[in-house]
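Per this note's numbering, residue 556 is the first one in the sequence shown, and the count goes up by one each step.
Mixed in with the good hints, there may be bad ones.
[To be verified] Here are the computed lysine-lysine pairs in the DSBU-like style, where the Cα-Cα straight-line distance is at most 35 Å:
1) 576 / 644
2) 707 / 644
3) 739 / 752
4) 586 / 616
5) 576 / 638
6) 576 / 739
7) 821 / 707
8) 821 / 764
9) 752 / 616
10) 638 / 764
11) 650 / 831
12) 616 / 576
13) 752 / 707
14) 650 / 752
15) 576 / 752
16) 650 / 576
17) 638 / 650
18) 831 / 752
19) 739 / 821
20) 753 / 831
21) 616 / 739
22) 586 / 764
Note that these hints are calculated values from the structure, not bench results.
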Amino acid sequence: MKRILIAVLLLIFTTAGAQQKIWEGTSCRVKHATLTAYMPQATPRAAIIICPGGSYHWLDKDAEGSRVAEWLASEGYAAYVLKYRVAGKVEYVAKYRTVFRGNRHPDMICDLQRAIQLVKQQYDGPVGVMGFSAGGHLATMSGEFFDSNFLKRYDIVPEVSLRPDFVAAIYPVVTLSDERYVHKRSRLGVLGERSVKKQVLRDSLSTEKHVRTDMPPVFLLNCVDDPIVDYHNSMLLDSALRYHHVPHSYVQFATGGHGFGADPEKMNEETLTWQKQFIDWMRSMSF
């Protein structure tokens with residue numbers, strides 16, 4: 556049955572993408588959280604859910620969204636761009652979450668777990684998550700907290716595992732507790748003004764503190780000259796992955812900055828190679 560569904564999807568979806576409201580038909584009333592599908596011409600090698608970055612305040616839908624999906628589809632992967640809940644640009648200026656709840660944890664991981672559930676129900680093959688910057692933090696959380704069903708608050712008990720088969724974290728936010736390296740805007744975005752000073756919450760979402768031996772394989776990449784997210788974030792995660800013997804590849808560039816995604820105009824000679832390195836890594840893995 557799943558093979559028939561995949562064949563139908565290949566006929567319906569084009570590289571232009573088709574959008575699905577992920578919470579439709581559930582008790583969750585969020586309407587703007589969506590998955591946009593970009594399908595390859597042939598049967599997909601794997602499915603990849605893409606989490607754009609944006610400090611948990613907004614989403615880079617171009618360089619870290621649609622362009623990534625188009626590239627992955629051209630390489631034979633089913634790509635799904637996730638529009639997950641974020642604090643919002645208005646909140647960044649007005650700080651209204653000091654009065655109203657707004658969007659904050661666990662909204663983001665709820666959206667991603669729902670996306671994993673939907674894609675796994677549609678596709679009979681490896682399903683992974685790729686995230687950029689704050690989206691890299693979210694992607695890593697999906698590989699660490701997969702046995703915590705955040706969907707339960709919406710009375711959803713998935714029949715599929717919420718564990719992704721692989722995770723790609725590209726110049727990710729990692730720590731929310733180490734003041735030397737923390738990206739404060741992302742921390743504020745995910746925790747909210749009421750909770751951002753609570754050390755227990757900071758620690759609970761610092762992904763270097765929650766690496767586990769049964770995590771899926773990880774592809775990790777960043778640049779030493781990153782002016783936005785201190786490069787030590789990725790080094791903390793790499794160290795934790797090595798300590799727990801999690802299969803992973805860590806690519807560190809000397810230069811390249813932040814936010815280049817799949818936009819060649821934002822890349823330099825070093826970062827232009829990252830996409831090939833990721834595809835090579837994918838083809839070397841046995842999921």
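(request) Hint by hint, work out which the structure violates, then give me just those numbers in ascending order. (result) Of the numbered hints given earlier, those the structure breaks are 7, 11, 18, 20, listed in rising order.
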